[in-house]
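Engineer: Kindly produce the complete structure, drawing on both the sequences and the hints.
There are 2 protein chains.
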Amino acid sequence: MTYAADTVVIVGLGLIGGSLASALRRSGFSRRFIGCGHREPSLRRGVELGIIDEFTLDLDAAVERADILVICTPTLTAAQMLGQILPRLAERGDGPVITDVASVKGSLRDAAVAATGGVPPRLVLGHPIAGSERSGVDAADVNLFVNHRVILTPVETNDPAAVELVRAMWASTGAEVLQMSVERHDAVLAATSHLPHLLAYALVDALASSDASEDIFRCAAGGFRDFTRIASSDPTMWRDIALANRSALLDAIDLFSEQMSRLRTAVEAGNADALMATFTRAKRARDEFAALLAGRTDSKSP
Amino acid sequence: MTYAADTVVIVGLGLIGGSLASALRRSGFSRRFIGCGHREPSLRRGVELGIIDEFTLDLDAAVERADILVICTPTLTAAQMLGQILPRLAERGDGPVITDVASVKGSLRDAAVAATGGVPPRLVLGHPIAGSERSGVDAADVNLFVNHRVILTPVETNDPAAVELVRAMWASTGAEVLQMSVERHDAVLAATSHLPHLLAYALVDALASSDASEDIFRCAAGGFRDFTRIASSDPTMWRDIALANRSALLDAIDLFSEQMSRLRTAVEAGNADALMATFTRAKRARDEFAALLAGRTDSKSP
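Quick note, the sequences are listed as chains B and R, same order.
To convert, note that position 239 of the first sequence is 239 in the numbering used here; the numbers rise steadily by one, no gaps.
To convert, note that position 24 of the second sequence is 326 in the numbering used here; the numbers rise steadily by one, no gaps.
What the hints contain is simulated information worked out from the structure, not anything from laboratory work.
These figures come from a predicted structure and were not determined experimentally.
You can take every hint at face value.
Facing chain B, according to a computed beta carbon distance under 7 Å, are these residues of chain R, among others: (1) Ile431; (2) Ala489; (3) Thr494; (4) Leu505; (5) Val506; (6) Ala514; (7) Ala522; (8) Leu545; (9) Met562; (10) Gly572; (11) Met578; (12) Thr582; (13) Lys585; (14) Ala587.
Rough simulated footprint, nothing fancy, chain R against chain B, three-plus residues with beta-carbon under 8 Å: (15) 144-158; (16) 176-186; (17) 239-251; (18) 272-281.
Just so it is clear, CB atoms sit at the ideal spot from N, CA and C, and this is done for glycine as well.
Structural biologist: Below, the structure written as structure tokens:
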């Protein structure tokens, strides 16, 4: 059997990394899967589950053995790792294709530029739009990426063969692979994910601090539960994302705040037509989106 | 068999009115159910389904026969009906106990005051916090109110016996009946329902009008779907609610906007501690709320 890449190293073996290794084993994309990280119990568990074949706690050793190295850690850690890995590889002029799964791409591009003066040819940043309310390697799901989108953000300095290998890797998991610029990715994610998280956190915290909070939470029902579900997300992860995607998130906040300000004016003025126009346009867009999503699969969060 | 109220008239036989009649028939609260409205097909369907025993298109005739009259129309129509019914009853000094199910209570109280100079002793305003994505009498569900909250907003001029009758009516459906002031009700509903609808409409409309809207909706997933579900709600209904609850809704918008403004400042300044504090408080409150809701039942929207 020929493999597209002989050895895949997964750095950070949690939900995403574990699911990716499982899917790549099933698809026959690679022969060997090596886990790397600093949490030995997770790595041992990955071997027990048959998700990885072996593991190492030594990042440099892992890099040596990888044909593809996938950094599956949170955003800030991923940036630190690039700072550790890239300078050594740049000196040597070779090394594995490196990619990642972080929610923000601009901050990782900047980390690469800071480490080596540019984006190395074989560093192809990417982001699978998939997740689960569960986390950790025990939650790994071979079907996590099926019918989900993966966004790659290649740059001009990238080696086309490296981009193609990362594209093929994700395609073999069942995902639909899109490409867009770093800026477009970060703007799109700010709009669809990072801003909604901020809105949900802001709403729940504002209500929790209100005089009426007891009555508020006692009387809230299913609609409020759905709307605020994402406010139960991990605060550390979302703090890091908000900081890493600062510029695009500020733009998204401002776009939203202008629209809210217009709605507030319409409510205050009793402007029924303005409210009706906004609500009608929004309902149409949201219904179209729901139909689009329903046409794919049982797309779970985030 | 003794009935708490011999004849219940449901004005506006849709999801809520049909579900209420079904639940009251099951509980044995009343002997006879009469539907009233201007849409004869819905009323005929209600008879076919065994939800009501008979119907009339004549509101005044319905009032004559009612022991309890429940106005189950949307907010603005309910206010108009009070304007039609109350002056005649005030002249006579008797008539049925009247209640309603509208999402805003201040506007109905004001309509009563405008019609008769005060809230009549036997007008007891109320609001069941229950609903469904379906509508119409065919969606009537005998269990719709089980383990849901119903808020009554009695005032000083109310006859205690009338309040007790309305309380007992809702309790017999399996609902938990709470009482609070008109102002508190409208503030709580603005916070938990009316503001979230406005936020969802504003977000979706802002994104739909963005240059990146195609990529945005293509890359959004389950978290965005849940967060924006309520933007698929009926625009006319929500326009009317936003106008009817103007004052409390403006207060809720302002409370939220202040919190968003603080978060924006924290993002801009890279203030990790401020973001972490807000996200952590919000997650705790939201997790507590989710546990509270899970402890009740399968509480569906809104």
